Every structure is written in C-alpha cells, then in structure tokens.
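Participant: Using the hints, position chain L against chain A.
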Amino acid sequence: MAVLIEASDLEKRFGEILAVDGISLEVKRGEVLGFLGPNGAGKSTTMKMLTGFLEPDAGSARIAGIDVLDEPKQAKRQLGYLPEGAPCYGDMTARGFLTFIAEIRGFDRDEAKRRVAGAVEKTQLSSVLEQTIETLSKGFKRRVAIAQAILHDPQVLIMDEPTDGLDPNQKHQVRRLIADMAADKAIIVSTHILEEVEAVCSRAVIINRGRIVADGTAEDLMRRLPYHNTIAMHVPAGRAEAVAKALSEFAAIAKVETVGTANGRVRLRASPHAGAPIPSDLASLIRARLIEAEEVHVERGNLDEVFRQITTSDAGTSHA
Amino acid sequence: MHEFVRNTSIIARREFVAYFSTPLATVFLIIFIALTGAFAFYVGGFFERGQADLAPFFQYHPWLYLLLVPAVAMRLWAEERKSGTIELLMTLPISPWEAILGKFLAAWAFIGVALLLTLPMWITVNVLGSPDNGVILAGYVGSFLMAGAFLAVGSCISALTKNQVIAFIVSATLCFLLVMSGLELVLNVLRAWTPGFLVTAVSSMSFLSHFDRIAKGVLDLSSVVFYVSLIAFALFANRIFVELKKAD
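Line by line, the protein sequences are chains A and L. When we follow the working numbering, the leftmost residue of the first sequence carries the number 4, and every step to the right adds one. When we follow the working numbering, the leftmost residue of the second sequence carries the number 328, and every step to the right adds one.
The following block holds chain A by itself, in its conformation from the complex:
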C-alpha cells in the first residue's frame, strides 16, 4: 500500500517551548489514523506542519510523496484539510463559500457546480446552502468546513477534531462519512473522544509533550493496560477463598487476586499467563464447576485508561 502521508523528525519550537519534538509517522492509503493527546501536546502543530501551514524548524513532511516545503502548491492539491475550529468565511453563503473553494482548486464552472453538489450531498447541507455561514448552527458550520475539505476528493485528508461540538447524531454522521471515504484515502483525524478511535480509526497514535508515546491499533494500545484480558467476577464474601482456590486450578490462569469488597461481596480478578489469551469457554467452565460467581466478564479496559496511563506517566516527562 502506498504511503500517502509521511512525516520525518518534525520539530517546532515556539519561543522557549518545544511544541513538537521529533515526530515521525507514516499513513498508508486505506488507513485512518487517530491522533490523540492531551491539550497542548502538539497535535494541531503537527497537523499544521503536515499541511504546509507552518514551516517546521527541522524535519520534513510529504503528502502523496511530494514535499510540502519544496512544492507547496502540488502538495496542497492532494490535500483536504479541516483546520482546528473549522474556520470558514462567515459572511459568505454556504454555496458561495464552497464555490469559491472549488474555483480556487482549479475546477471550471460546470465541474465546480458538480463538486459542490457532491460535497453538499455527502455532508447533508442542502437545506442551508443559501444561508450565510455565520448564521448557521455549530453543527452545520462544521459540516460546511468538512465539505470544503472533501470537495476535490483528495487522496489525503487531515481533520483537526472533526466532531468537536457536534451532537451524537451528527458525530455519528461524520464518523460514517469518514469510514465511507477511508478505502482510497489516507486520513488523519485528531480527537479527544476515544470511542471515536475505536469507531473509525484503523490505527492510533498518542502524542504527549511533542513526542509519540504510543502507536498501534486500539487493541494494541489496550493490551498495554495491566488488567487487559483478565477475568473479573463478584462472589459472596464467605465463598471468596474457595472460589479463588478453584480458579487457580485452571491451567490457563496464572494468579488470582482479591481486588476489593463491597456490599458483602468480594471482587476477584484472575489473570492468565502473560500474553496468553483467555480461553473463550472459561466463563462457562467456571459456571460448570458450580463456582457461585456473578458478573463474570473479561476486562479489556478502555482507551481512556490507556490514554490516562500513557499521558500522565513519566514516559513523556523526561523531554519536557
């Protein structure tokens, strides 16, 4: 698969602050990369360098193989960009604005019309086309900005928080739009919403203090959690020891711990041998042995925990 977005050792300094400290990444056609990180981690700055808006202090960025500094116009033709906050010219109508973008992207009058119509259909804007953008609701404004980014059907799409400020239905729409376009594009989506990563991203990169601290699929990242893939259950307090003993007799289980007590019930956690998967029938085996356990489930953890763990640990602080 072709690598369409390429960053190598990007660095950017604002005064004393090293906002981006050596970020390298590649996104191939067909990939949707989730770009995660706390506020101020350098996500937007990285995206601004990838799109050629900001000049990096060191390193380089390539869009569809074209260096954004050497041939900015060529690179920008291959690129659709939704900047942070989805800025648009508020005094224009949605149609006027999209037509302006289509013209500046080099389409002639008829083609521009077709392109605008196509983007409007994909982002469901037809009801507000003749309104000035500043009078639109936040959701519509954002969709106008998204329409602007996809109108020329670019190979590369970079979106800075595309679903920020949208209601759940609109979020769902935007995610579906991204998923629909994913097959023949390379897409980067920055977000705070981790469920979004699981919903649309084939890969996630977490950055903290200007450096990449994790890179992998959502599943890869969750594997980093200490309790990933353990079995949790509740048992009545009096039976806890017996259950723990019975559990440890399973070949697949390495150790059993007591996590806490609440309302007369004990919470147990059983971990498998390192790296080994939990046998899929374990829960039924446990029940078959007449172990009186309630709420037996496999803990996968969630990305929020991974995010917190990675971005608050010492891993990133050494480069502050």
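It is possible that some hints are incorrect.
Said to hold, decoys possible - Every beta carbon over 10 Å from chain A, so not counted as near; a handful from chain L, in silico:
#1 Ile450
#2 Val468
#3 Leu535
To be verified - On the chain L side, residues computed to face chain A include the following (Cβ under 8 Å):
#4 Ile337
#5 Ser348
#6 Thr349
#7 Ser410
#8 Thr412
#9 Leu415
#10 Leu419
#11 Pro420
#12 Ile421
#13 Ala574
As the list claims (entries may be wrong) - Cut-off 25 Å, straight-line C-alpha distance, at most; resulting in silico cross-link-like pairs (PhoX-like, lysine-lysine):
#14 L/Lys409 <-> L/Lys573
#15 L/Lys572 <-> A/Lys76
#16 A/Lys31 <-> A/Lys76
#17 A/Lys76 <-> L/Lys573
#18 L/Lys409 <-> A/Lys141
#19 A/Lys125 <-> A/Lys31
#20 A/Lys141 <-> L/Lys489
#21 L/Lys489 <-> L/Lys572
Calculated from the structure, these hints are not laboratory results. Note that this is a predicted model, so its numbers are computed, not measured. Here a beta-carbon is modelled for each residue, glycine too, at the ideal position from N, C-alpha and C.
Facilitator: Positioned in the frame of chain A, the structure of chain L alone reads:
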C-alpha cells in the same frame, strides 16, 4: 502565469464581494462621497473660486484617504487571522503572493468604485465651464495611485495584528506621517538639525508633494514611480508579516 492571474482574480473577486456583504461598503461609499463633496464645496470654495476645475476637490483627497483608506484595509488580514480562516487560505493550492495581491487589488478596486462615484463632479464642471479635462484625468489617476499606496501600507499593518481597531489606528498614524512629511512645518523642524539631503529625502517621501504635482496636471514619472514603488515595498513587507505572524 495563467494560473497566477486566475488564482489572484478568484481571491480578489471573493474579497471584493465581501466588502458589499456587510454595511461597510454602503457606509464607506456614502461618507466618501459626502466628504469629498463637502470639502470641495465648503472648504475648497468650489463655486467662489469661479474656475472650472477640480483642484478644490482633489486638494483634500490625501486628508480623506488618511482616515478612510485604513478603514478599508484594516480587515484584509486582521480578520483572516482572528477568525482562523488564514489557515484555510494558506493551505489552499495558492501562493502567498496570489493571496496578498488578490486582497490588495480587491480593496483597491473598491476605492476605485468610490472614486468613480464622484464622476458627477467632473460632469458638473464641464457643464459649468470648460475645464482642462487632461488635468482632471491626471488628478483621478494620481488620486487612485495615492489611495493604492495608503492601502498597501494599511494591508501590511493589518497582517501584524488580529485586532482591526489596532490595524486602523497604526496605519492611519503611518499614513499621517507619510502625508505630513511634505509640509513646511515638518521640514522646517528637520532643517534645524539634520543635513540637507535628509530633508530632501523626507520631503520626497511625502504623499502631499507628489500628489500636488499630479493634481496640477503634471503626471510626471517620478511621482508615479514613487507611488508604485511604495506599493511594491509595502506589499513585500506584507508578505513577510503574513509569513511571520500567521501562526500566532
């Protein structure tokens, strides 16, 4: 080259229409016409002079532009930076020059419209007498060139701030200095303590002295070159400022 013209004109068209999408255009045009008329008739003594020319009309243009042109220029870049659309604009497949020139030309054309709306003055003097129309034409050309120079300064300052009010005040002040540098008042102060060549340099930078010559019908090359090179210089600075400040 074809692409440069195309992109510049698309930017210019958008920008020009933007002036008319707010009440700014109407307010500006009305005030411009009212003030040019008022100065010519009341302050300049258009009728009392008993001469069929537009000298009293052109005479006050530098002072009007001083306030009105920065008002046209202030939004050019400050607004882009404030609303964040500069990020959109600069990631479109256009060069910074196309954006800068497009914006400048749109604003200049807008002032051109304002000037065109004063054409009834020209017609009036032709009805009342037989003026030297060549002189008047030179006056219009000179006035338009001077407006362009004020505008380029304003556009350049507008790229330095997100705040349109600051852009207005700073560029109005700069334009004031550029106008004033030709007055005897200022030159006399300078003469007291600076070498002669500096006085000449300062007075040659004056919008006033160049415009006076043009308004008298002498569209000499040096004045045209002066305005054109000032525009070029300011737009060049504009390019640098956009680059420097776009990320703030």
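Participant: Which numbered conditions among the earlier hints are violated in the structure presented, ordered from lowest to highest?
Facilitator: Structure breaks no hint.
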